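2 protein chains.
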Amino acid sequence: MEKESPRIVVLGAGFGGLTFCQTFHHAAARITLVDRQNHHLFQPLLYQVATAGLSAPEIAQPIRSILSDRLNVTVLMDEATDIQLAEKQVVLKQSALPYDYLVLALGGMTSYFGHPEWEQFAPGLKSLDDAIKIRRRILLAFEKAETETDPAVRERLMTIVVVGGGPTGVELAGAFAELFRRVLKRDFRRIDPSHARVILIEASPLVLSHLPLELATSGGEQLKKLGVEIRVSTKVKNMRDRWVELDNGDTIAAENIVWAAGVAASPVSHKLGVELDRAGRVKVLPDLSIAGHPEVFVIGDMATVIDKDGKPVPGICPAAMQMGRYVAHLIEDELAAPTPSHAPRAPFSYWDKGTMATIGRSAAVAKIGRFEFTGIVAWAAWLFIHLIFLVGFRNKLAVLLQWAYSYVTYKRGARIVTGMSAELKRAPPS
Amino acid sequence: MEKESPRIVVLGAGFGGLTFCQTFHHAAARITLVDRQNHHLFQPLLYQVATAGLSAPEIAQPIRSILSDRLNVTVLMDEATDIQLAEKQVVLKQSALPYDYLVLALGGMTSYFGHPEWEQFAPGLKSLDDAIKIRRRILLAFEKAETETDPAVRERLMTIVVVGGGPTGVELAGAFAELFRRVLKRDFRRIDPSHARVILIEASPLVLSHLPLELATSGGEQLKKLGVEIRVSTKVKNMRDRWVELDNGDTIAAENIVWAAGVAASPVSHKLGVELDRAGRVKVLPDLSIAGHPEVFVIGDMATVIDKDGKPVPGICPAAMQMGRYVAHLIEDELAAPTPSHAPRAPFSYWDKGTMATIGRSAAVAKIGRFEFTGIVAWAAWLFIHLIFLVGFRNKLAVLLQWAYSYVTYKRGARIVTGMSAELKRAPPS
Chain A
1 MEKESPRIVV LGAGFGGLTF CQTFHHAAAR ITLVDRQNHH LFQPLLYQVA
51 TAGLSAPEIA QPIRSILSDR LNVTVLMDEA TDIQLAEKQV VLKQSALPYD
101 YLVLALGGMT SYFGHPEWEQ FAPGLKSLDD AIKIRRRILL AFEKAETETD
151 PAVRERLMTI VVVGGGPTGV ELAGAFAELF RRVLKRDFRR IDPSHARVIL
201 IEASPLVLSH LPLELATSGG EQLKKLGVEI RVSTKVKNMR DRWVELDNGD
251 TIAAENIVWA AGVAASPVSH KLGVELDRAG RVKVLPDLSI AGHPEVFVIG
301 DMATVIDKDG KPVPGICPAA MQMGRYVAHL IEDELAAPTP SHAPRAPFSY
351 WDKGTMATIG RSAAVAKIGR FEFTGIVAWA AWLFIHLIFL VGFRNKLAVL
401 LQWAYSYVTY KRGARIVTGM SAELKRAPPS
Chain B
1 MEKESPRIVV LGAGFGGLTF CQTFHHAAAR ITLVDRQNHH LFQPLLYQVA
51 TAGLSAPEIA QPIRSILSDR LNVTVLMDEA TDIQLAEKQV VLKQSALPYD
101 YLVLALGGMT SYFGHPEWEQ FAPGLKSLDD AIKIRRRILL AFEKAETETD
151 PAVRERLMTI VVVGGGPTGV ELAGAFAELF RRVLKRDFRR IDPSHARVIL
201 IEASPLVLSH LPLELATSGG EQLKKLGVEI RVSTKVKNMR DRWVELDNGD
251 TIAAENIVWA AGVAASPVSH KLGVELDRAG RVKVLPDLSI AGHPEVFVIG
301 DMATVIDKDG KPVPGICPAA MQMGRYVAHL IEDELAAPTP SHAPRAPFSY
351 WDKGTMATIG RSAAVAKIGR FEFTGIVAWA AWLFIHLIFL VGFRNKLAVL
401 LQWAYSYVTY KRGARIVTGM SAELKRAPPS
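Chains A and B, in that order, are what the protein sequence lines are.
Residue 362 in this note's numbering is what sits at position 362 of the first sequence, and the numbering runs on without skipping anything.
Residue 83 in this note's numbering is what sits at position 83 of the second sequence, and the numbering runs on without skipping anything.
What the hints contain is simulated information worked out from the structure, not anything from laboratory work.
Treat the hints loosely; a few may be bogus.
Put simply, identical chains are the same to the list, so a pair is met inside one copy or across any two.
[Stated by the list, open to error] SDA-like mimics (lysine to any residue), calculated; alpha carbons at most 25 Å apart, straight line:
id, residue 1, residue 2
1, K144, F121
2, K425, F121
3, K425, P123
4, K353, L285
5, K185, W403
6, K144, Q120
7, K93, G249
8, K88, E148
9, K367, S209
10, K185, D69
11, K126, E79
12, K396, L383
13, K88, Q120
14, K93, R345
15, K144, E79
16, K126, L424
What you are looking at is a predicted structure, and each value in this text was computed from that prediction instead of being measured.
This is chain A alone, in the form it adopts within the complex:
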């Protein structure tokens, strides 16, 4: 009797899960890739959809289409509800999948630090739908301000609060400030959008605090030059609809509040019965498997990995891709062995290629290897690297076109409001 082909189940088609499927080349194994979306999302450019620079399809690709020629990969649009480690089975909403190897790559979700009720007031930015919702609300606020006669209401409509001064918060705040000051500026007759306020709230004493001090300082200065009001060492104490209270007692009336502060791992991690960190990330072994289950791996933002130098591996795309590649080679090797077995395994090792954040037109900070850059050089590097890594030739070309267009014309290519019926459900201001 022929040996049955080994079954590999991959949950999540983000950078980790997708890289795994693209790297894995043992033809006899059958892979099932499960994601609740039909598309792979290029998260690093999501803030540009939220700020009307790019359209949603330009940073997304159908998962099926990316893996079209990988005939041993089956893609299912579904969601895992349970993981039965003892039975080696994943329970989906519509079926159950037995596995020989399981790769968990479900990424993170927005965390409100014990205040889930704030979600309704301050949407996070994790999916295309989040981005389209934020874009709609920001653009609508200016449309309403143009017809508003009460100066206090007009001020609220033209105020936006971004909570969290990490890369996402900084990129959002910078892109909003440019949108108001450079793009919308000429298009209104009764209001002046360049007077709109963008307020960035950060709990630590510095924005971009994961970067070396000089880069973080430069990032903050570049952001201020764009007109962003930065409030460091400041926490959100309370929140209501269109209203924020800070821990120093200040209150801000803002039509839009965007949450870019916390990330928590997918709740599926709680099903594994293993140790998690505070954000719900799975504490994996050096080979990225979980204790007692060498056939189960957790990669990307869902895992907390301590590198050989004792430092945690950052939750960024290159790290997730490296983990996907590592696990793919590891499983390939085990399947290729004359007698398949699980041990011993060389540990995962993270290769730090650097980190970067863009702030605005010709403004960015970047650390590449030992080198640090700010301003236009960092910005050019940022553009180049993001274009290279964007999945799909058409998307690269389309995004390049959009960026060239915006650079030359000071316009944005996706300044449209869609999903108005959803908006009508938002409670009117009280």
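Place chain B on chain A using the hints.
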């Protein structure tokens, strides 16, 4: 005392209203343009958004941005609720606008021929939101079919009914058939999307019946070659969720039904107290004004205009643009006259540049002047003309890129599902 500048209110920023604002050049007049969307929509390519070929922002432009340098034009995102002809005033949701001239250009909406309850089962295609909803539902149907084990349910999931064999219905049916047979074909493992059924229902004996007989016949044949099942001389008798009954007694179980059959004028036309045709379109005078109110004009799809040869002017973009231009010049002339007065006026005259419909890759029909084309020549003409008329340089370039990409790779650039939360509200099949 200086004479007050005349106030012109334009309702609707479609082809008619926008062309009016772009043509009108009497600097002293103040124009207020009101639309409930923030964008001008290039309707002729809307079906390509619904069929995953183009992204929404590629066929839309912010109205403010188009009219940015027209300093005497104020754009308001609002909706007219009443028109008070005697007071010369338009009532919006948020304010009231007095006018000296009023231009009504609100276009049409989907009509269900006395069956408004069918709307929930068969969405129409008038806005970007409609298109995104149809795209989502079509793509989801195939995702569900891939995980479905019941053959009858799988067949329903892979069946789509398009009601109405005019240009929109034909373009939709052709684009669906190509999407299934050429684009999705390679990307599934358990189903074969090229077996999906596209059924086009048309009440008259011919699809594209507004075209000369040979063109209409050719259009139908090209459509059949793509695999579309055409049922002419057939009417929808009854409809339920995911189920259509035809007047010959046949019933079809279809996950998706798209309504491309009827157009009715904006309900605002009923506020005018003048004669309407069966579709609610305003019967205007030869100068496009309404009886008794030479200061009120109705243009585009909202008006029914009989040309000097006795034939009705068709409800297509070039006609709306010609009307917008005609009324702009007419009002300019009246305002420039030493003693402003309303009479006499030369009648509007429609210049028929032709008509065309695309069916699929290298397949189309076109009538340009006295010349009739089919196949690849008509298709090339269609592409060229639509690119020329698409508003905005960036959009032209982006759409050209998308078309070239699709032509070469047999892929589609916007095959993504967004708005899933809206979808969860759709009732499950009973």
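Item to complete: List, from low to high, the hint numbers that the structure doesn't satisfy.
Response: Failing hints, ascending: 7, 13, 14.
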